[in-house]
Amino acid sequence: MKNKHILVGVTGSIAAFKACTLVSALTKKGYDVRVILTHHAAAFITPLSLAAVSHNDVYIDEFDGTNEAMIPHIALAKWADLFIVAPADANVLAKAACGIADDLLTSCILASTCPMAAAPAMNVHMYENIATQTNLNTLKERGWKIIEPESGLLACADTGKGRLAEPEHIVDFIEKILSEQEENALSLAGKTVLVSAGPTQEALDPVRFLSNHSSGKQGFAIAAAAAKAGAKVLLAAGPVSLPTPEGVERIDYVSARDLEKIMIENAPKADFIIMAAAVADYRFETTADQKIKKSGDSMTLTLVRNPDILAGLGKTKRDDQILCGFAMETENLDENARAKLIAKNCDLLIANNLRTEGAGFQGDTNIVTLLKPEGSEHLPLMSKEDLGRVILNTMLEMQKGKTDHASVH
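Going by this note's numbering, the sequence shown opens with residue 1, and the numbers climb by one from there.
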């Protein structure tokens with residue numbers, strides 16, 4: 001845990017001077033700490049002070065020009081294991097709640113997917129204002145952890161709730177969040193995960209083919225999440241332009257029959273099998289060796305069925321394997337998906353509707369229904385990487401349930 005990356009945002013509050021003590025304490029505990037300072041915060045505390053105690057550069061401007069290859073609000077968001085704004089003034093809390101990104105700190109907040117926390121500090125009346133309380137409740141609903149301010153004599157001479165929590169209390173709060181994160185972290189050590197991703201292409205001739213709009217992003221996100229969780233990951237990748245996730249063994253395919261061969265060969269060694277690929281149901285009966293030339297006003301092409309790879313995996317899966325399929329629908333989502341779950345003998349099926357905003361092809365988010373034999377769950381909009389973790393966690397729980405049931409009997 002001491003190698004964790006902690007990103008600290010400091011805003012324009014008189015309590016900004018306490019950020020030095022907080023950052024110094026975290027650094028002494030072995031955490032790698034980086035600081036984002038707003039321009040208003042820089043009026044209370046210098047970047048040099050925070051750089052000295054963090055042993056890292058301090059970031060203020062969204063485009064500082066020191067590293068042309070780095071976009072700070074994206075790079076820092078990806079780097080952080082935990083992001084805390086301390087002190088968090090009323091202005092930044094309001095921007096965070098509304099999704100406003102008009103400086104480096106708020107842009108980084110919007111780009112972050114790690115656990116988020118805030119330690120408010122402001123005048124008591126500003127803190128108690130219904131607008132501030134509404135913003136804090138909004139952030140809590142989104143998963144933010146809020147470190148309540150303390151009561152006492154404030155810098156403005158008012159007395160009440162609004163003093164920044166003491167740095168040692170904030171450090172304890174951060175360590176509790178990281179400890180819970182560690183306990184709840186997905187661990188797939190010792191597991192082998194087989195994932196398919198992307199479309200298939202069924203050739204008509206050397207120039208043309210039958211395919212679909214699948215980008216492969218969801219399958220690649222699942223593979224990346226599995227690798228990060230310590231699994232051995234085999235990724236059957238269709239014709240997509242995505243980089244191979246770190247720690248993943250990639251096997252490329254083009255057609256449905258290519259994919260079927262890969263899945264049959266590798267399924268016996270897998271604990272989890274996830275068929276996220278968008279497989280063409282049909283292929284051309286014949287494939288021309290040369291480009292078919294235009295002739296006449298119409299052309300008749302005959303299609304034949306492709307192998308049903310998911311159904312084949314469902315027939316041959318072991319009792320200790322968990323098989324997950326995907327279903328993209330345009331109508332009657334729940335009914336069609338449940339019929340597929342049963343027909344293919346899947347343990348789990350992930351279904352979405354092409355017409356739902358945020359769930360279509362090519363995007364970075366998804367809205368799905370998670371179906372099991374005993375019921376279904378409608379999940380909210382989330383990133384495909386977050387969905388990947390949900391799917392893997394669900395499969396892990398299902399496998400444990402099978403193991404526990406077998407041991408009882």
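Hints were generated in silico from the structure; no laboratory data involved. Hints should not be assumed to be uniformly reliable.
With a straight-line cut-off of 30 Å between C-alpha atoms, the simulated BS3-like cross-links for lysine-lysine are [unchecked claim]:
{"hint": "1", "residue 1": "K4", "residue 2": "K269"}
{"hint": "2", "residue 1": "K269", "residue 2": "K232"}
{"hint": "3", "residue 1": "K402", "residue 2": "K269"}
Given the structure is predicted, the values throughout are model-derived calculations rather than measurements.
Checked hints:
Annotation: proposed proximity of K4 to K269 is violated, straight-line Cα distance about 33 Å (limit 30 Å). Simply put, K269 and K232 have alpha-carbon atoms about 10 Å apart, close enough for the 30 Å limit, and the pair holds. Among the hinted pairs, K402 with K269 is consistent with the structure: their alpha-carbon atoms are about 18 Å apart, no more than 30 Å.
Hint 1 from the earlier list is the only one contradicted by this structure; the remaining hints agree with it.
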